[in-house]
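**Student:** Whenever a hint applies, use it, and build me the whole structure from the sequences.
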Amino acid sequence: MNLTIPDDLPIADKRDDIVAAIASNQVLVIAGDTGSGKTTQLPKMCVAAGCGRTGIIGCTQPRRIAAVSVAERVATEVQAPSRIGYKIRFRDQTTSDTLIKFMTDGVLLAETRQDQLLRRYDTLIIDEAHERSLNIDFLLGYLKTLLARRPDLKLLISSATLDTAKFSAHFGAAPIINVSGRTYP
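If you're matching positions, the sequence shown starts at 1 in my numbering and goes up one per residue.
What the hints contain is simulated information worked out from the structure, not anything from laboratory work.
Hints may contain errors.
[Stated by the list, open to error] For each label pair, taking beta carbons as the anchor points, the in silico distance ranges come out as: (1) R149 to P81: 29 to 39 angstroms; (2) G50 to A148: 35 to 45 angstroms; (3) R120 to S69: 15 to 25 angstroms; (4) T54 to A80: 13 to 23 angstroms; (5) H130 to S69: 15 to 25 angstroms; (6) S133 to R73: 20 to 30 angstroms; (7) P81 to A173: 15 to 25 angstroms; (8) E111 to P151: 29 to 39 angstroms; (9) A148 to E111: 32 to 42 angstroms; (10) T112 to H170: 14 to 24 angstroms; (11) A80 to L134: 33 to 43 angstroms.
All C-beta atoms, glycine included, are put in the ideal place defined by N, C-alpha and C.
**Tutor:** What follows is the structure in structure tokens.
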């Protein structure tokens, strides 16, 4: 599995810091401008930090089309399409080999009904947390209580325009990493 981070993405400059922070913390808040590479590179950094050994890495997206397109992009980058899957309403493209699963926040919320401890996952990435939909708000509240019952579960909260101090405080002074963005002509 190819875990390299493209050097032209701003998140590449913080790779070592992020991987170390994932490995040594249960919760991590990551803020970065659009185009910094958070969505496509954070799951790969989780694998580099040792996640995905006892469960899968789940990454939420606010929209179905984003979950599908990001899964396809990451599958191409890691050169292991069978290890990357997605699940959206009415379509489950995961297998027993899936290591990284992209899904809508609604899918993850629905999974809490069948598995209240989310045992299938060892890492969750809540991406685009600034969207602040009801699903995301419910998930963040649910995950806060779940973390106490699942000390093995890692949580990354990622956003472009996130009030990092509030999210950090909500999760017990979780560390914050800021990633610069890049501008386009």
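**Student:** If a hint holds in the structure, say so; if it does not, say that too.
**Tutor:** Do the hints match the structure? See the list:
1. At about 34 angstroms, the beta-carbon gap between R149 and P81 stays in the expected band of 29 to 39 angstroms.
2. Checked against the hint of 35 to 45 angstroms, the C-beta distance between G50 and A148 comes to roughly 22 angstroms, which is inconsistent with it.
3. Between R120 and S69 the CB atoms are about 23 angstroms apart, so this pair conforms to the stated range of 15 to 25 angstroms.
4. The hinted range of 13 to 23 angstroms is satisfied by T54 and A80, whose Cβ atoms lie roughly 19 angstroms apart.
5. The supplied range of 15 to 25 angstroms is met by H130 and S69, whose beta-carbon atoms lie about 19 angstroms from each other.
6. Checked against the hint of 20 to 30 angstroms, the pair S133 and R73 passes, with Cβ atoms roughly 23 angstroms apart.
7. Distance hint check: the CB atoms of P81 and A173 are about 39 angstroms apart, inconsistent with the given range 15 to 25 angstroms.
8. At roughly 20 angstroms, the beta-carbon separation of E111 and P151 lies outside the given 29 to 39 angstroms, and the hint is violated.
9. The given range of 32 to 42 angstroms is broken by A148 and E111, whose C-beta atoms sit roughly 19 angstroms from each other.
10. Evaluation of the 14 to 24 angstroms hint for T112 and H170 yields a pass: the beta carbon distance comes to about 18 angstroms.
11. The hint said 33 to 43 angstroms for the Cβ distance between A80 and L134, and at roughly 34 angstroms that hint holds.
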